[in-house]
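Chain by chain, the residues:
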Amino acid sequence: MAGPVTAPRTAPGTAGGRRRAATGRAAAGATARAAAPARSGAAAPARRAPARRAPAPARRRSTPARRPAPRRAPAPRTRQATPIPGRIVPVAVGRTAGAVGGLADSGIVKRLTRGRLWIAALAALLVGIVALNVVSLSLNSRSSDAARAVENLEREASSLRAQLAQELSTQRVQSVAAGLGLVYPEPGAISYLRPSEGDAAEAARRLRSGELAAVPVAPVVTDVTELTLESVAPAEPAVETAPAPTDDAVAPEAVETAPPADGAAADTTGGAIASP
Amino acid sequence: MTRIDRRLGLLFSVFVLLLVVVLARSVWVQGVKGGTLSADAQSQQVENVVIPGHRGAILDRKGKPLAVSEDAVSVFATPYQVADPAAASRKLARILDLPPDQILASLAEGGSGFAYIARKVDLAAAEKIQGLDIEGIGVLPDSRRLYPQGSLAGQVIGTVGIDNQGLTGLEAAHDDVLGGEDGEREVVRDATGEELDRTTVEGAELGEELRLTLDASLQAHTEEVLKEIGRTYEPDGATAMAIDPRTSEVLAMANWPAVDPADFDEADPDDLGNMATGFTFEPGSTFKAFTVAGALEERIVNPGTVFDLPPTITLFDRTIGEAHDRGHISLPVSDILAQSSNVGSVKVGLELGAERFDEWVRRFGFGSPTGIDFPGEEQGIVIPPEDYSGSTMGNLPIGQGLAVTAVQMVTGYAAIANGGVLRPPHLVLDDDSEPPAGERVISRKTSGQVSEMLEGVLAPGGTAEEAAVPGYTLAGKTGTAQKVVDGTYSDSEYVASFVGYAPAEDPRLLVSVVVDNPKGDYYGGTVAAPAFSEIAGFALPYLGIPPDGG
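Taken in sequence, the protein lines are chains A and B. Throughout the first sequence, residue numbering follows the numbering used here, covering 28 to 303 in sequence. Throughout the second sequence, residue numbering follows the numbering used here, covering 1042 to 1591 in sequence.
With the rest of the complex left out, here is chain A (with noise of 0.2 Å):
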C-alpha cells in the first residue's frame, strides 16, 4: 500500500530514486537524449526536468477509458519501490534525527536548558536518587537489623526451653519434692475403695449441698514446647483446694491415703486426689 505512495517521494540518490530514473529514461526514450548535449553546472535541473514531466500528462490522461495498454508500465516499477526494512531504517532514523533536532530547536526546550529551572530540577533529581539509595540501605539494615532479633529471640527460646526441660528433670524435682517433705506412697500405704451402688447418687447429693467442692485438677502439660512462661510460674496457691499432682507425684485412682509414714508428709498426702 505504502509503495506507490513512497516510492515518488523517496530522494534522489536512493535505489527507488535511480531507479525510477531509469525507468524514465526508458520511458521519456529520445526526450532524454535530446537533453544530453546541455550537461554543464547548470544542467541539473534541465536534465531533471524531461524525465519528470514525461509521466505527468500519462497521469492526467489516466482515466480507465483511455488508459492505453503501453501506459501499464509503472506496475513493475510499484513493485520495485516496495521498501524494505534496510530501506526504512535510515528513513526512521533520519526523520528521527530531524525530530529531536526540531524539539532542541523549540522554544520550551530552549526556556527551560536557558533558565535557571532546570538546575532546580537537575538537582531534585540527583537527590531524590541519592535518597532513593539511602533510603533503601536504611531499609535493606533494618531488615536486616530484625531479621537478627529474629534469629537472637529463636536462640534465646531455644536456650529456654532446654534450660526449662532441664529444670523439669526428674532428679531435680524429685529432688525439691524430697526436700519439701514429699515422699511416694508405700504400696501398703495406700487403700483403694471401690464404688458401690448409689455413690455417684450420693456423691451428686453431696456436690449440690456443698459439702464436696470439685476441684479443678491442672492440665498435665505433655509438651515442654507448649510450655510458657505463666505455665511454669508458681501460681497462686488456690484456697481450700490442694494442690493439684505432677507426674512426678502422680496420686493413683484413690480416694483415701492411709496416714502418712511420717509428719513431714501429713501435709501432702491428706489433700484432694486426683487420677493421673
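These aren't lab readings, by the way, just hints derived from the structure by calculation. Just so it is clear, CB atoms sit at the ideal spot from N, CA and C, and this is done for glycine as well. A couple of the hints might just be wrong.
[To be verified] Facing chain B, according to a computed beta carbon distance under 10 Å, are these residues of chain A, among others:
1. 168
2. 197
3. 212
4. 213
[Stated by the list, open to error] Taking CB as the label site, the calculated pair distances span:
5. 1500/B to 235/A: 45 to 53 Å
6. 1068/B to 124/A: 24 to 32 Å
7. 183/A to 1589/B: 50 to 58 Å
Using the hints, position chain B against chain A.
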C-alpha cells in the same frame, strides 16, 4: 565563533573525553574483568551461612523431655589471619575451658585456611568470643543435643555425632524422624564488614518429636534400683525392664552402669550397649516356665501331673541335680515350677520331646529378634534339634545351652501374663494406632495355669518368697544360671535374674531384672527378686494399679 563559544566547545570536548574514559573503564571493569571481580565481590561481601536444623525432641510418655536440641556455635579460625596465635589461644582457652596448646595447634594449621577451634559451644561463651574481636576467629551457628535428665535411659536414647546425626540407640534408629533439615542464610557485608543485608535463602526445618513409651519417673526409679544392685553386688552389668504386658509398651528399660549420652566419649565402650537387647545370657530357671507352658499346651501334662523325681537325672555324659541337695521326692508340675526343680523340668522336657520342645522355644520367640523398635537387637542362640547331643535335652528345659536376651524373656513372659498373645515390645508411643495384634502362642487356659504356678514361686516355700509387694499378688520366676567361661560352666560366675508380673490375676506390669556376675551372692531369688520388688513396689501405685481385690 565568539570566545565564549570556543570555551564552551573546549569544555564540551573535555566532558566528552571524560565520558569516553568512563565508558572505556566501565567496559573494562564490567565486560573484560566482570566475571573475576564479581566472583571476588561475592566471596568478600556475601557470606552463605548454614542454619542448622535442630533435631526433634525425644519425650517420655508424659511429654517430659529426655533429649532436646538448642542453638550453639562452632568456633573456627582462619589461621593465616590470626596475627598473634599464642595470645589468641590463651584468650580463647579461658572462655572455652580448653588447653591453650590444643587451640594453638588448631591455629597452626595455616595451610588449610580453616580450622575448627571448638564445636557445640554454648551461646554465652560464643558471645564472649565475639566480644574478643580477634581477627581470624569467628563463629558459625550450630546445634547441640542436651539430655535434661542426665544419664536417664542413656543407652536407650543413644547419642548423636558431631554433625547431629544419630549414632546409637533411638537417636540412630529414628534419625529420619528426629533429624532436621539445615537451611541457608545469605549475609551481605560492606567493605568494613558491616552487615548490609541478611536473607534466608532456605529456612531450616526442625525435626519431628519422638514420644517414647518410657516413663521418666519409673525409669529413674528402676535405674536407682539397679544402681543399688551395682553398689551391693558389684556385677559386671545389670539390666531391668518394665512393660505393660497388655500392650507390650516398654515403661522402663534401664542399664547399669548408666551412661550419660552427653559424655559418651568418656564412657567405657563395654557400657555403651543396651544390655536389654544386646546382652545374651543363659536364662536358667526362668526358662522353665516355657518348658512347662509348652507341655501344658500340648496336653502332655497338667498342673497336677505328678513326677517321680530322683535327686539327680543322668542323660548320657551329663548328670543334672538340683540347686540344693535333696532326696527322692514326687512333685506335681505346679510345684516343679514353684520349687524350680531341675530334675522335674528335665522330665517335663523329655515328655515333650526334642522336636516339639524346639518348636515351643521358637514359638515363644527365642532364637530370633523380638522386633522391638531398637537397633542392634541380638537374636540369641537356639540350636536346631538336628544339632542336639544326647544330653541337650538335659540342658535346654532348665534354660541352659541356649542364649536369650532380656527383651526376649520379657516378651515371652508377657505372653504368659496377658493370656497367651506374643507381641513385640515397643519403645515409641503411637497414640494413633492400636497396639500390635500379636500372635497367640498359648491358650488363655494354659496362660492361667502357668500364671498360677508362677504365683507359687513368690508364695511361702517358693524360690522368691521374699519378693513381695504388700497388697499385690505377684507371679514370677527366679533364674540363677552359671556362665560359660572358656567353654565350661563356671562355678563362680552366674547370671541372676527374675521375671515377674502383677497383679497376678490381671497383670498390668511386668518387670524383669538381670544381673550379670554379681559378687557375694548370686541367686536370682536374693539378688534379682528383691530388685523386682523394689521396682514393682514403686511402679504399681505410681501407675495407679490397684491391688488384687482392691
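Results for each hint:
no. : hint                        : result
1   : 168                         : holds, 7 Å
2   : 197                         : holds, 5 Å
3   : 212                         : holds, 6 Å
4   : 213                         : holds, 7 Å
5   : 1500/B to 235/A: 45 to 53 Å : holds, 49 Å
6   : 1068/B to 124/A: 24 to 32 Å : holds, 26 Å
7   : 183/A to 1589/B: 50 to 58 Å : holds, 52 Å
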